[in-house]
Every structure is written in C-alpha cells, then in structure tokens.
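Asker: Now for the letters of each chain:
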Amino acid sequence: MAKRLHFSLPFSSTARAESNGTGNSNSNPKSNPNVDSKGEVSDLKMQLRQLAGSRAPGTDDSKRELFKKVISYMTIGIDVSSVFSEMVMCSATSDIVLKKMCYLYVGNYARYNPDLSLLTINFLQRDCKDEDPMIRGLALRSLCTLRVANLVEYLVGPLGSGLKDGNSYVRMVAAVGVLKLYHISSSTCMDADFPVTLKHLMLNDPDAQVVANCLCALQEIWSLEATASEEASREREVLLSKPVIYYLLNRIKEFSEWAQCIVLELLSKYAPADSNEIFDIMNLLEDRLQHANGAVVLATVKVFLQLTLSMTDTHQQVYERIKAPLLTQVSSGSPEQSYAVISHLHLLVMRAPILFSTNYKHFYCQYNEPFYVKKLKLEMLTAVANESNTYEIVTELCEYAANVDIPMARESIRAVGKIALQQYDVNAIVDRLLQFLEMEKDYVTAETLVLVKDLLRKYPQWSHDCIAVVGNISSKNVQEPKAKAALIWMLGEYAQDMQDAPYVLESLAENWDDEHSAEVRLHLLTAVLKCFLRRPPETQKALGAALAAGLSDFHQDVHDRALFYYRLLQYKVSVAERVVNPPKQAVSVFADTQSSEIKDRIFDEFNSLAVVYQKPSYMFTDKEHRGPFAFSEELGNLSIGAESAENIVSAQRVEANDQDLLLSTSEKEESRGPSNNGSAYSAPSYDSSAPLVDSHAQSELVSLDQTLPQAPQASSAFDDLLGLGFAVTPTPAASPPPLRLNAKAVLDPNTFQQKWRQLPVSVSQEGSITPQGVAALTTPQALLRHMQGHFIHCIASGGQAPNFKFFFFAQKAEESSTFLVECIINSSSCKVQIKIKADDQGTSHAFVALFQSALSSFGMS
Amino acid sequence: MISQFFVLSQRGDNIVFRDYRGDVQKSSAEIFFRKVKFWKEDGDEEAPPVFNVDGVNYFHVKVVGLLFVATTRANVSPSLVLELLQRIARVIKDYLGVLNEDSFRKNFVLVYELLDEVIDFGYAQTTSTEVLKSSVFNEPIMVDAGRLPPLGPASIFMQGTKRMPGTAVTKSVVANEPGGRKREEIFVDIIEKISLTFSSSGYILTSEIDGTIQMKSFLTGNPEIRLALNEELSIGRSGRSIYGSRDYSGSSGSGPVILDDCNFHESVHLDSFDVDRTLTLVPPDGEFPVMNYRMTQEFKPPFRINTLIEEAGALKAEVILKIRAEFSPSVTANTIVVQMPLPTYTTRVSFELEPGAVGQMTDFKESNKRLEWGLKKAIFFHKSLKFETAEQNRWWIRSHASCEANILTGIAWYCNITKEAGPVSMTFTIPMYNTSRLQVKYLQIAKKSKTYNPYRWVRYVTQANSYVARI
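Just so you know, the sequences run in chain order C and S. Number 861 marks the last residue of the first sequence (the UniProt record's numbering); no jumps. Number 471 marks the last residue of the second sequence (the UniProt record's numbering); no jumps.
The shape of chain S in the complex, shown without the other chains (with noise of 0.2 Å):
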C-alpha cells in the first residue's frame, strides 16, 4: 500500500499531489526533490528509483522528464510500486494523448479524478483505461502535440510518412475527434531494441534484442482480434548455453525465429498459440503490450561500425569513423547519432566530412569532451566500394569524419589514446524494419457487419539500445 502518489516537474514544483492514508508527512515532496537533486554522495551520479529517508520509502520512476513518485512506511513489494507508477503515467496519456507538464497542468483535475479511481487509501485498484472511463467524467483539454518533443519507442511515427496518420500516437483514447465520431482503427507496432557489442576486431561480443509487440485499439464495441505470428516461432532454448554456440548459418536469411522468452498482456488467450502461433485476445482501450519478448538468436546488425585511430604528429592523432549500413535500400534509417568520448586533454577538434554529405552535423562538445556525428537521414550511395565490388545487395553509407586532437599534455599519450577514448556508441531508428524477423502475417477482426472495415496499421520498428563499438 502506498501514502502518497504525487507528480514533480523538473523543477520540483507539485504538479499533482495525492495523499491517500495521511501517515507520511506532507513535507514529503520537498525532501524526496532534494534529495534526489542532491543525490552525490558516494559518487553516484542519479538517485536510485528506490530510497529510505527517515523511515519513509520514497519511489519514483521519471518519465518524459516529470518524476512520479509514491511514498510509503509500509514493506511493500517494490516491482509493484515501481510499476503503477508506470502503469498510472500510461493512464494518464491514455486519456491526455500527449503526456507532458503542460498537458499536465491543463488537466489536473482529469488527473485527480483518474487517481481517485486508481488508488484507494493505498491500495491499487484498476489500471486499465476500459474500466476507467466509466467513472472519469472530466472531458481532456487538448494539447497542441505539434511542437512537442516525442516520447515513446512509437513517436517516431509522428513523424508521419504518408501512410500513417500523424495524430494516431498522440490521440486521446478518450476524447472525441473534433468531427464527433472517431475513427475505426487499431494500431500494432512491432517495436525492436538492440542492444550490440563489437569488439574491437569488429567481432560480436553480446547482442540481444528487446521487442514488444504494442497495441493502441480505437475500434468501438471491442471486437475480438486475432494476430497470427511467424509459423516457424519458438520459444526457450532450454539446455543450450544462450550464448555459449552460436548458430551461425541462421544469422541471416529464413529459417525459425527463437525467442529466450516471452510474456503476454493478461488479455491474450494462448489457446492456439501452441499450435497455429496465433494470439486471440479482446483488446481493452488504451495503449498496452500484447508480448514482450527477448532474443538473443544470431542477428545480422542493420550497422557496422570502422573506428581507425591515427597518430598524426606528436600532438595530433586522427580518427576515421565509417558506418556501413546492412539493409536493403527501401529502408531509410533516420536520426542517426554516433558519438565517441575523447581523452580528456582534447583540446580542439576539427571535422572533415566526406564531399557531397547532406544532413549531416558534427560537433566537439567540449563540456564532456565528446565527438557528435548526427546523420538526418541514412544516404545510400548506391554503387559499392572498389575493394568489395563482389557484393551486389550490400549498400552502404560511406561516411566519414575524421578529427584532429591537439593534445598539450603530450606524454607517451599515442600508447595510450585508445584507452582514453570510445568507445564508439550508434544510436538510430529504422522505421518499417525488424531485426527480429518476427512479424505479424495477419490481423483479423471479428465482422460485425459486412461494411465494418476499420483501419489497421501493422507498424515494424527497430531502435538502437545501446549499440556500442569497442576500440
């Protein structure tokens, strides 16, 4: 059970407070804010999600940059808290649309209304936004989501390629479409995390993929879904070391996708899924994972990443970074970043692009001593390198920036420039691209009548975790 649910800005002013049992002090917010702003001592760099301060347990996850906390005196389980809190952030966009401080402040009294509902005297009631919106009555005050910066794996559809509706992401669950009636459509989004390693031979040290398989359902009278996965799916590689033999053959191509493991939204009936991998479920309204799941199968890494580190004069040393892209080129991938830390006594830093490189930007950030090197968009030079002429369907982005460190403390540092520098870490979002191959073959939704055809949108998404070259 928990005292109290209240939501901070990043300035640590209240933007909801709620107390629900009255035995936490209401000074609260104020200790749990310095606190974690205060948060240095033993040389830890944030405050972690769970803390005791006099007797009083203080949780608090951040999202989209507010901090949402529950305090309690009570031994409680902390998954649990750590996870309404989550669970209430969803809510909250569920019926907002856009989760932000302003939307926040437009609506508090919409947010209040949900935490009466939520929580009572502590105890976690309902989370889900169906059940929710018969006893919440405040209608949401819209924000404009046009300016806003995006959150969420999804947003970048926002973006909105023609096919896709810009509003879809930041549309209220709730409210109506200014015409009056809403629109008749479901949103499945296969969103992919890699998390990669490279040796610095290039080699794989680690890779796994963290995938969720998301729905947003605006379709009135829930009908019942059914979502057909890959036939040749499987699930555990019992007995087998995850990562002691590594099936090669299988990193590229066909052949059955294996998944560590899995776990389903409550609402998903398995009946078939043994037989047909076939999920059934009666989708409830708002946004929630149907299946989370984990591999860490063999994959082909969409980038490769060449760091070459030079010297270049006793106070001069240059580094030559080049990604290669591993993907057919219908598919764009989109605001790439690569950065790398340099020694600490860089000094200055000067960039040399490749000629004829449009939407790119580099930058030294001296505060952290940091290399930035921001692709807008992935340009594909459609011919290959005269050294790999062999390849046909290998594409490329050819890029490279290189950059001279002045370095005043010139002792014995070119031994040592590796170890003061990188590694090189990528991050990236490929949109309409899975790395998993997991897919989504079929979307069926039971008929009511022979006209109801509403609007489906089966969305691949594939973002970088932490995609780290060594060197």
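Chain C on its own, in the form it takes in the complex (with noise of 0.2 Å):
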C-alpha cells in the first residue's frame, strides 16, 4: 500500500526540476519540495543500514522491498543519492536480482558521486570474475556504465578479459563495454588495442551478436577518430572493403533482425566492382523484402537504390519491385510506423512519379487514422496525381473537403490547387474549387481564394469563370489576412470584369483602421491604384481615402509603399501605370522549395529522418552526430592539399555560418506555420511568401526592362544590384569567345565549399575515361598532375580503386569566374560522373567541352 502512495505523489514541477539538474541536490537542500519525500529518503537510509549487516534469512526480501522503493523514487524524479554508500553495503548479496537492482542504482547516480564510486569498483571486479556468466557479464556492463572518468583504470581489465570470455552474453557485453570505456576516455582505450582486438572478435566470433556489436562499436570509433587520424579513416575504409562486407553478408540470417538493419546500412555504403557483383547481392537479400520488420525492408531498399543508382533500368525495376512490400508495410504496422514508411515512399513518388500513379487508391486517408498520417497520404496524392487519375483523386479530395474535420478540410482544399498547379488540363478542377465557393464555409471560402489567385497567375485565361463566382462572395465573409489578401488582389487585378471592385475597395479602404494585418493593408492599396489605373472617375475617392491612410499608417512598409505609390502619381500617372499595372506574363513554374541538391541528399539519406523532416541531416543535426560516413564530412574528409589540418577546422566554421545561412530560410519556412517537423511540407507556392515574391519580381523587373528602353543602363545596374543573375551580356548565344582558362588560379578550400554549397548544378554529365587513362591511374596524383597542364586545378581527391573522387576548379583568364568540378570516376567500368558548378552559367558547356577533352587525353602521352 505504501509503495502506491509514494507513487502518486503529486508531480509538481519543482520535483521534476531536481531531476533536470545535476542530481545533486543535496548541497541545496531548500530546493527540495517536498519534506516528506526527503523524511521517507532518510527513514530508507536507516533501513538499508540495518539490514547491511543482517544475515537473518528473508533479508533478501526485505532488501528487495527497500530496494525498489529507491528505485521508484529514482524514476518519479526524486534524489535518493544520499541512500549510495548504503545501497553498496547491502550490495553484498547472490541475489541477481538485487544484484541488478543495485547495478542500476549505481549506474545512475556514480557519476555524481565519484569518490563514493570507487566503493562499487570492489564488488563490481568481483563480480566480474564469477563463476556464473550471467553475473561476469552483468558486472561488466555496470562497470562499464559508471562513467566516472577517474576510475577507467579499472576497466581495462575486466574489458580485456570480457573480450576473451569464453562465454558469447560476456563478449557482447565486452564488445559494447569498449564502445563505453571510448566516450569516457578514448585514449585509454585506444593505448589499450580494444579495437584491433574488437575487430579481430567481429571477423571471426561465432555469435553473431558479438560480432553485431563489434561493428557497431567500431564504426562509431573510427568516425569519431577519422577527423585527427588517418590510420582510423583507413580502417574506416576496411569496414566496406569488400572482404568485410562479403563476410558479414554471408552470415546475414545469423543476426537478429536489428543487427540485419546495421549490416544493411553499412551495405549501402559499399561500391561493388561489377554489375555481377550488385546482381549478387541483390539477389542474396531478395527476401529481406519479406521481412515483418519495417526497419528491415527499409534498410534493403536503401541498399538497393544505392546499389543500383548508375544502372537506370535495374533501378526502375528496383522501383517496381519494393512497391507491394513498402505498401504492406504501410497498413500492416501502428499508425506511426505507417507514417514512417509513407514518408519514404513519398520521396519516392517524387522520384518516380509514375510508379504509384495506378496505386493512388492507397493513399485514400481512412477516417480513423491520425491527422499526421492523413496529412502525408494527401501529401501522396498530389505527387501521384497525372492526367490519368487527377479525375478520380480530386473527386476523393473534394469528399474530404466536406468533412466536417476541419484541419483537413483545410489540407484538401490545398491538395487541390496543389494538383491544379501542376495539371496542364486544369478544366475540371476549376470548377471544383468554384463550387468550394459556394458551400459557404467561411474556412473552406478562406483557402479556396487562396488557390484561385494562385491559379489566376499561372492560368490567366481562366479568370473569367473565375472572377463570375469570386466576385459575389462578399469581403465581410472573409476574415483570414491571407484569403482577403487574395481577394483583394483579384479585386485590384480583375478590377473592369467585377462591376462594383471600386466600391468593395471604398469600403475596405474607409475601414483601414479595422484592418490588422499589414499584408492585407499592402494589398489594399496595390489593388485601389490598380483599379484607379482601369476606372479612375469610380475609384478615386477609394484611392484618397487609401493613400491619406496608408500615409498615416504606422507599419513602415505600408507609410513606404502609399508614399511611393503618392509621389508616382504625382509624378506622371502614365509612369505609373507602367510601373504598377504592366501587362503581366503567366508564371509558368512556382519555384520549387528544394533544390535539386537538397533533394539528392536527403535521398542519400534514406531511411533517416531526414526524410521524415524532409531536410538534408546537416540541418537538424549537430556535426558529432551525424552518424559514420554522412554526406557532407566528405569534403573535409578528403585529404584537402597541403595544409589539411588546418583547414578542417576553418572548414567546420564555413558549414556552421553555411548552416546558419540554412537555418535562417528554414525559419524563415517556420514562421509562416508548421515547427520543427516537415515544415517543408507547407509548400510555399501556396504561402505567398518569398519564393513568389521573387519570381513576381522578376517578371515585374523584366516588363519594367521592357517599357523603360531609354534607360538600359540603369536596369542593368539594377539586375546585378540585385544579383538576380540576369544574363545582360549582349546575345550571348551567337557566338561564345573560345573560352580560356586561368593557368595560376587560386581558391582556398573555404570559399569552394561555400561555393559549392551555394551554387546549383549547372552542368551534370556522364562520360567514359580511356582504357588507358584507368590504367595510368594507379593514383590520383597522376591524373592531378595531369590536368593541372589543362589549368584545371584539384582541391581534394579521395577513394581507392575501383572507385575515386575528385574536386576540381578552373577561373576563367579573363575574369575571376570560377568553375567548379565533382568528377567521379570509376576504374573498372570506365565511367566519369561530372558535375559542374558554375558561377557563370552561360559558359558552363564551353568548359565541360574543355574538362571532357583534358580527361580524354589523360593517359595519351
């Protein structure tokens, strides 16, 4: 009875705060809430010390009783550090039980308490040396968890011989007791050997737990080695060498199925010499797809995209073949484990659009599922929609639309202009967002006019089907700064097909002061002048009472905009015609969220969260988590020149400001709705936030190019001031100067990572290099020296045979434009994998031309 009362103490936020901090909240004891907590810790004490000593029979009971309680406490949140010399002395027993009940204590609370630690060393080395391997291994594992820096001398023993057990439980425990013993202190271990003798233990134990756990522990050694030594990138290499890998596949179904997952990760990293070989493996792991585990099927996906990456028909049929198994994963786990998988199959579908476009009833959300999943599912059905299936898929969504689930109602209506944007025969779907109008429902009102704007910009020649329904819906209707933002840009826009715009825009205008939300008020008065432009004599009381408010408006942007607007007018009305009210051109393609780059990693991520969140882990991962082998240590792994060291460092400072510069877009993204999770998602074409603006600009920019021909230069000026990267060179396709390279052209490491992170590919080509160029290829010094005579300079070069990698730049002669080259080539199937960054993208191909030549020379002389 008494334990249930202890654990209904009451929660109280100062309890838990104990527990947040060091633990060691005995120095302050005002801090501790509650008295009778800290009564019943000391009446405990007082019991373990009686019966410390006791050897009555049933001692172990009682023991039992006490111990518990401690350890209840210990998990509600409550310091029982006080009670640790007492709990050592009773650890005198053969209980295992006890025995484990005190392990844990102690492995809570020693770091703390080093000095009382040292206690627990005694009977821990003891235990370590029992008859029964149950205790040895046990004893280990809480020796091993002590974390006590000061007492890792101790460890080296018990590892040592835990290693050498002859029973399988110790080994595994020993394996991992290395990995421990290595974030304690990783010099100790290393002088130790442990992971020459953790390696030899994972080529040839015959358990495979043991050997499961020596990878594990290896590969999280050798990376966090790799950065100062390079004996340990070398044998980070061995891990995937193809010995390694050959035998750890052979004995695949000899590990559990979480072990499976490991090896399969590590698989995916491997490059197999020959199609042969991929075909192999494959084949080997066929019926891993089977598997129940999720995380199983997952794991061999991923090894069969990687593996097949270079091969585009193997791979499309690696995409038919992981379709049933991932759909049955799908509606065969939890709800969360679904969600898991469905955002894998999303980046998928975005890969290969046509894979599910037969399949899309399966992303038909259920009414019982949770919003997350139902979320993802409408997620699936606007990237498998196409002109087969959008009929039926639309049809679905306008039921949810109806639903009486608002969020999703919300979300369906989205799916449907998302759709709608990306249809070419967007004829039905308009008159479905037409007939949303009229269910009057003011939210479903709200995000249809979203989406009819949005339309209206991409598909003008709908507006007058459009503007007959827009223009009865009533301003008084719509509440949500968005939708009114919208409508009244339709109003501004639309101003001579809606009869009574002007007066819409009166009444909105006399209610400046009621209006909150300073986009609207922008909108507002956008959309007055527009409309004074069309039909003065009717607006310009409307354009009085908006430009006098605007003036007087306290939000910056709007005083700017209405002053602007003002002394426009004032100026010459037809100037300002021409500068407000141009004719427009249809945006033909939303900017996309994601770079295709950003896209590219996050699929070299897979079966990560960086799928889930749908971001690249750099981003949401501190660097010394990124886990072995991730994408972006690669340059800084590489070995950079001469000056290497030196240049990991700073190289880490340009990814941290890279990253801030990341984040900022990113957060940028989470202001305008979702956190931390997928905000990505909300994609940005239908927030009429920056990636609009820019394209919106940019026609604006070119029209204003168009009308203003007596100032060229001043337009020019203005197109690189805004570095929107215009190409303003005089006809640049008649007839390219022969294009000349730089011969001492210098970049530091720094700046071609920054460059590299920031520009896009411009140039992305595949080739062959020459039977004899891979035979004088015997290192990737020679072909560096080689290309050097062709002014084409290498900044890293990396990998071993078959597989090597380069990064190469070149400045043009004439100017400081810089090109940039990722060139991988692979000896034993002759293959170059080029991409080229360019800062000046017009001249990309002339230097690809220039970069294949010097490759195909190589080897010639």
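Where hints are given, some of them may not hold.
[Unchecked claim] If you only want the chain S side, here are some residues facing chain C, beta carbon under 8 Å, derived:
| hint | residue |
| --- | --- |
| 1 | T212 |
| 2 | E232 |
| 3 | F264 |
Think of the hints as simulated: they come from the structure by calculation, not from any bench. Just so you know, even glycine gets a beta-carbon here, dropped at the ideal spot from N, CA and C.
Join the two chains into one complex using the hints; note that each chain is given alone, in its own frame.
Answerer: The following block contains the structure:
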C-alpha cells in the first residue's frame, strides 16, 4: 500500500526540476519541494543500514522491497543519491535480482558521486570473475556505465578478459563496453588496443550478436577518430572493403533483425566493382523484402536503391519490386510505423511519380487515421496525380473538403490547388474549386480564395469563370488575412471585370483601421491603385482614402508604399500605370522549395530522419551526431591539399556559417506555419511569401526593362544589384568566345566549400575515361598533374580503386569567374560522372567540353 | 542508436526512465510531454510520431494509452526506432500478461531488467522473449485482468465464448500457472481488418483487407510446427492494376484467394510454401505475427449501410439508417457502433428504434455533434423482408434509427444537409468469421510422444478498420 502512495505523489514541477539538474541537490536543501520525500529517503537510509550487515533469513526479501522503493523514487525524479553508500553496503548478496537493482542504481548515480563510486569498483570487479557468466556480463556492463573518468584504469583489465570470455553473453557486453570506455576516455581505449581486438572478434566470433556489437563499436570509434588520424580513416574504409562486407553478408541470417539493419546500412555505402556483384548481393537479400520488420525492409530498399543508382534500367525495376512490400508495411503496422514508411514512399514518388500512379487509392484517407498520416497521404495524392487519375483523386479530395474535420478539409483544398497548379488540363479542377466557394463555409472559402489567386496567376485564361464566382463573395465573410489579401489582389487585378470592385475597395479603404494585417493593407493599396488606373472616376475616392490612411500607417512598409504610389502618381500617371499595372506574363512554374541538390542529399540519407523532416541531416543534427559516413563530411575527409589539419577546422567554421544561412531560410518557413517537423511540407507556392515574391519581382523587372528602353543602363545595374543572375551580356548565345582558363587560378578550400554549397549544378554529365587513362590512374595524383597541365586544379581527391572522387576548380582567364567540378571515376567500368557548378552558368557547357577533352587525353602521352 | 527510453502515463509522469548514453538532458521527458500536449501549431491535432526539439529527436508510439518514447541526437532510421518501441511494448506484454499502467507500476523493476537486456548503449540487442528469458530473473506480479479495458484485436477472445479459455490473451508467457505446471497450448489467430468505402450510391469505392496470422505459443521444448494455408492461394497481382479491373465473379463463393503481398516472421521457413502453401516454424515464446498480408481482391462486405436523409419541415430533418448483415446467422457480430456527424447547428435529436430492439443504445454527442447507434449483439430476424423474398440465404439485421435535427439557422440548409453531415462510419467485430477466406487448413505439431497432445486454438476474427458509407 505504501508503495502505491509513493507513486501517486503529486508530480510538482519543482520535483522534476530537481531531477533535471545534476541530481546533486543535497547541497541545496531548499530546492527540495517535498519534505516528506526527504524524510522518507532518510528513513530508507536507516533501514538499509540496518539490513546491510544482517544475515538473518528473509533479509534478501526485505532488501528487495527497499531497493524497489529506492528505484521507484529515482524513476519519478526524487533524488536518492544520499543512500549511495548504504546501497553499496547492501550489495553483498548472491540474489541476482537484488544485484541488478543495485547495478541500476549505481549506474545512475555514480557520475555524481565519483568518490563513492570507488566503493563499487571492488564488488563489481569481483563479480566480473564470478562463475556465472550472467553475473560476469552484468557486472561488466555496470562497470562500464559508471562513466567516471578517473576510474577507467579499473576498466581495462575486466574488459580485456571480457572480450576473451568463453561465454558469448560476456563478449557481447564487453564489445559494447569498449565503446563505452571510448566515450569516457578515448585515449585509454586506444592505448589498450581494444579496436584491434574488436576487429579480430568481429571477423571470427561464432556469435552473431558479438559480431554486430563489434561492428557498431568500430563504426563509431573509427568515425570519431577519423578526423584526427589517417589510420582511423583507413580502418573505417576497411569496414567497407569487399572481404568484410562479404563476410557479414554471408552471415546475414544469423543476425538478429536489429543487427541486420546495421549490416544493411553499412552495405548501402559499399561500392561493388561490377554489375555481377550487384546482382549477387541483390539476389542474396531479395527475401529481406518479405521481412515482417519494417526497419529491415527499409534498410534493404536503401541497399537496392543505392547499389543500382548508376544502372538506370535496374533502378527502375527496383522501384517496381519494392512497391508491394512497402505498401504492406504501410498497412500492417501501427499508425506511427505507417507514418515512417509513407514518408519514404513520398520521397520515392517525388523521384518516380509514375510509380504509384495506378496505386493511388492506397493513399485515400481513412476516417480514423491520425491527422499526421492523413496529411502525408494528401501529399502522396498530390504527388501521384497525373492525366490519367486526376479526376478520381480530385473527386476523393472533394469528399474530404466537405468533411466535418476542419484541418483535414483545409489540407484537402490545398491539395486540390496543388494538383491544379501542376496539371495542364485544369478544366475540371477549376469547376470543383469554384464549387467550394459555394459551400459557404468560412474556412473553405478562405482556403479556396488563396488557391484561385495562384491559379489565376498561372492560368489567366480562366479569369472569366473565376471572377464571376469570386465577385459574388462578400468581403465581410472573408476574415483570414491570407484569404483577404488574395481577394483584394483579384479585385485590383480584375477591376474591369468586377463591376463593384471600386466600391468594395472603397469600403475596405474606409475601414482601414479595422484591418490588422499589414499584408492585407499592402495589397489594398496596390489593388486600389490598379483599380484607379482602369476606372479612375469610380475609384478616385477610394484611392484618396487609401493613400491618406496609408501615409499615416504605423507600419513602415505600408507607409513607404503609400508614399511611393503617391509620388509616382504626382510625377506622371502614365508612368505609374507602367510601373504598377504593366501587362503581366503568366507564371509558368512556381519556384520549388527545395533545390534538386537538397533532394539528392535527402535521397542519399534514405531510411533516416532526413526523409521524415524533409531536410538533409546537417540542418537538424550537430556535427558529431551525424553518424558514420555522413555525406556532409565528405569534403572535409578527402585529403585536402597540403594544409589539411588547419583546413578542417576552418571548414567547420564555414559549414557553421553555411548552416546559419540555411537555417535562416528554414526559420522563415517556420514562421509561416509549422515548426520543427516537416515544415518544408507547407508548399510555399501557396503561401505567398519569399519564392513567389521573387518570381514576381523578376517578371516585373523584365517588363520594366521592356517599357523603359530609354534607361537600359539603369536597369542592368538594377539587375546586378539584385543579383538575380540575369544574363545581361548582349546576345551571349550568338558566338561565345573560346573559353580560356587562368593558368594560375587560386581558390582556398573554404571558398570552394561555400561555393559548392551555394551554387546550383549547372551541368551534370556522364562520360567515360579511356582504358589508357585507367591504366595511368594508379594513384589519384597522376590525374591531378595531368589536369593541372590543362589549367584545371584539384582541391581535394580521395577514394581507392575502383572508385575515385575528385573536386576540381578552374577560373576564366579574363575574369574571376570560377568553375567547380565534382568528378567520380570508376576505373573498372571506365565511367566518369561529372557535376559542374559555375559562377557564370552561360559558359559552363563550354567548360564541360574543355574538361572532357582534357580528361580523355589523360594517359595518352 | 537511441539515447534514452521512457514510458509516460497519460498524465505525463515517468513510469520508467532509462538513460543509455547520457547525451540528452534529463529533462527530456518533460520537454517531450509539454510539446505533445500542446501540439496545436499549424492546426494539427496530434503530434507526429517523430519530431525534433533543439537538436534532440523524439520518437513515440502510443500503446494502451501509454507513451513509449525514445530520444536521440543522431540521424537514425525512424522506422527502426518506432518498430523497436512497439517491440518493447510487446515484450513487456509477453512478460506481464496484461499491459497497462497498473501492471507497469507493479512490475517496474522487471521492466528495467528487460530494458537493460533489450538495449545496450543505445543499440538494440534483442527483442525476442525467448532469448530474454535466460537473462531476466524477476517474476512478474500479475494484475487482475478481469476489469481491464481490452487491448489489441485478439482481446475479444477475453470475453470468452465457452470454447476458448479466457486467460489466453492475458496470460504471461513466463509466469507459471497457480497450479505450478503450465498448460501446453498454442494459439493461432487470423485477424483481419477491413477498410471499405461505399459511395453515396452504395457502390464500393475502395476495399482492402489487412490481415495477420498471429501466434502465441505456450508449448515447452519448442517443437516444430507446420501451418497449412489454402492451397489455392496466390500472391501478387503482377502487371495488373490493383483497382483497375475488378473481378466481380470471384467476389463470393470459392475460387482462389489472391493476396497482393505478404511478409513473414523471421522464424518462418518457406521451403515448401511455393509447393503446398505450408509454413514451417519453430515458434519462439511470446506473441508474434507469423505472417502479415494485404488483399485488395474484391470481397463480400459483411455489412451494407443504407442512409436516407429527408427534409421533414423547415427546421427538421429525418435520418434513417439501416444496416444489413450479409453473413450466415450462425455467426454473431458484436460491439457494433454506427456513427454519423450531424450538421453543427443541430440542437436536438430524438431516436426511434425498431419495435422489439434489444441491447441497442442511441446517443447524440452534443460536444462533437455526432449521432451514435450501438448494437451489443446483432439481432437477426430470421425472415426476409417482403420486397426481398427471392433470396433465401440472406439474413438481416434490420433496424433503423431516425433522428430529428432541429436547426436554428434555417437558411437554405436542406440543399446542404448532406454536405454538412456524414459520412456514416461503422465499427464492429465478428468472431469466427474471415472475409478473405484465407484459412489455416491444419496445424501440425511435431510430436514428442504419443501422449503429447497440446491444445491448439485456431481463431478467426474480422474487424472494421475504416468502414465508411458516404451520403
């Protein structure tokens, strides 16, 4: 009974706070909120002390009760570190359950009582030599979890003998123990040569779990060491070598399902020599796709996808093959598991939309699914929609839009809009969207208005049908700022088609103070001016009211825009017309949220959180936690020029800056809506923010350029200022001058990294290298010297036969415009993959030709 | 690798908390719970199972109202961690027999012991109850299963028809029976969940069966088991669009069972599966799915739903709901609930059930404007309706409820009422009935001696997953 009472202790926030801290709250008794629990702890202390020396029968049972109490306190966050010495005193027992509880306690508090921990070393060391392998294993595990730096010397001996123990349970514990030791004191671990022992065990131990634990430990140790030591990074490569990989593959079925996942993850980084090898591996793993464990299936899928990346046909077959097993995983697990699998399906569909175009019904939502699954399914439906299935999908989405579940209805309408924007034949969809407006539900109207606005920007030809319906909407029924802004934009843009546009705008302008959103007020200013330019007499009053209100607006942007319009009108109405209301071009494609490079990176990180968050791992993970073989470390790990160590440090700094940049964009997204989770989902083409504004600005600029021919210089300066990357060079396509490169180009690695990350890929090509070239490519250095002869300089290189990877750069002779090259050479297949990024995109093709010819002459002389 | 594992009650208290790597702050449980509880940003109703707060990734699954949570700073495989959390829940249930807050609290020392063996330094070691048995020493303290809410699909067997022992589902795999000796028995459950959507005209829009053959073995000495399925069973419908062309002729009666896809537990040997559709396995201890399968082949829906909405005056509407069972009267469906959202401006609803209706309840949930109609057991009228006399073998649950919706904002509501109400959804459980016709033809246990004859239970159950009729 007493125990239950303890459990129901109120969970006051201060009690938690105590557990949050170092746990050393003894020094600060005031922070203890619960005098009772304090009293109970000292009670416990007394009782434990009495039992410590007792050998009476039944002692163990009373001890068990007391230990349980201690651990239950520990769990709910009450500090029981003060009974440490009593617990240790009571630990002399042969009762294994008692031992385990004691180990658990000690493991939790040892760090905060390093001095007292010394007391435990004795009995743990004794237990490490116990007859019972179970006790040996347990003691060893606890010994390694003490995490007290000055006790590591006591660890080395037991660990060493643990790794040689005759019992596999003990070896299994010891292998992980080495990793724990490494995290407490890496030097002790390395000095004792434990990694070497682990490697030996990994390749020879009869027990698969021991092998798996050794592999985990080695992966972690070598990746962390790799930044500091050449040898470690070589060792890390060894894990990916053919003998090791084949050894693990041959034993794959001995491993537990969890260990299989680890082996498969390692395998996905392996580069087989030829296609036969690839097929052998895939045939061997084929049945893993029928595993009931979704983690195994996804890990296998990753292997298949990565292995066949360069084999287009096989890659396509893989997509076909993995479809059914993945769909089974979606429906056989819990909603949480479905969520993880559908996230991956979404990634696959984005790469191969045709893949699921006939299976779209699998992504229809079920009424009892959690919202997070439904939302993902809607994303899937928009992604798979094409000419053949759009009608059915949109029909289904309309059912959801009429749903009583409001968030679901909103998402569904957005999905319909997204489909409309990606389809060529939007006829039927426009009708449905307009029907939404007739449903007369506020939130449906609001969402729909935003969509209709985007739709009109892309398909102005639909304006007639849309405006007829939109004109009937009373602005009083539209309250959400985004929707209101969209409606106002349409009123301005189609002022001549909507009869009462001036009067609606007028009443809005008169109620200026009631409008809280600056965005809406900005739109209102523009709309009133546009309307005025078309129907001056009717709008004059509204314009006056809007400008007056705008000029006294407290919001800076609104004020400035009002002032700008005012001056423009004062200067010349016809100029105002050309600036504010020029003929518009339809937006052909709304800017994509993610660059293709980011998407590729996410694909490289298949079967990881990157897919769920839709962000590459460097955006949400600290560097040291990126896991072994993370892509983003690649540049840093390749041997960079001569000044390697120094560079690595600064490279990190650049990366940090870079990350800040990237973060700031993602934060922008976040401020628009969701948070840390999959925020990239809220496709910005609907939120009329950054990307849209950009394309808008672009098109307006272009027209500015056209309408103001008298000031061409100004406009080109304008272009440069905005850095929009307009090719202002007169007719660059006509006859490009031969590209000459700077023989003495210089670029420091930091700048390279930065540029590599910022620039888009301008050319991506596959080529080949001559057999003579392969023969000459005994070391990467040979190629470096050759390319340097062609004024193409290497900044980083790496890899070993058959796969080499190089990063080159070159500069134009006459200006400081740089080309960056990533070049992957497979010497067994003679294939070369080239990715070019350039400051000046226009000349990148000329550069590729130059690069290819330089490459093909390699080995000829 | 994960950093921490913890289980939180619905109120957010730690029931167990295990820190494996020490690289995530101790207050993570509190941060997590606050985040989940106040997950309203972006209009989402529920926190997704994976999210990131300040560089820490939080994974959670909900099992019987408890939150099983893992944290990590690393970029790990989400399905691995979520699967692991589910598996931990299953192992704990194997040990405790019943999984709920009470049993958890009584057995937290045992749970800690399990957690120590399941995960070491964040790496999953084993989740096999079989393997764990050798290194876990606490005896589970059993809680009374009688008054506990049911969990999992197999729990309907708890309600104990006479043929089945009620303890099967709630029995611990490791604890000894009070008598000191264990009963030799094995349970094979074929659990099917149906998802089906009827269009407003009664046509089937989508249908899918997600099935599991689940096994729980209490056999000593791990004998080998052979499980034979329908011989006419084919897997995969290659080349054909799943929904494109429907084979209506196969919808009733016999014919091959065509599964879209299936997967198997790792203990299953498929050597003779392609030849005679038998699965061979040595069942490990504990509950596990032998096979999961998915089927979109046309099947006969167990219930048909008929909804009629009529205007009955300016501020009134009448809804008539009819359900019709399409299976033989020897089978009884139970815990049937029919739900239908009504327009938000509904103020009052009155119900009228068929004369003679027993064990039925009707309710109007004011808070979410939802009509509920529950039938404890389907009552069959062993007579056909007058207008359907031709079909002898069709049996009916005939019953209708009508409700009057008094509407205050009576502007143009009746052309919209179908858009403001519905769809009708239905949940039910039908024991000893399976929709896919997938069957376990026989269950063979390798004999140790002539007298060895353990109890074998093969049980079927069909449940509604998402059973919806649009109006």
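Asker: Taking each numbered hint in turn, which are not upheld by the structure, reported in ascending numerical order?
Answerer: 2
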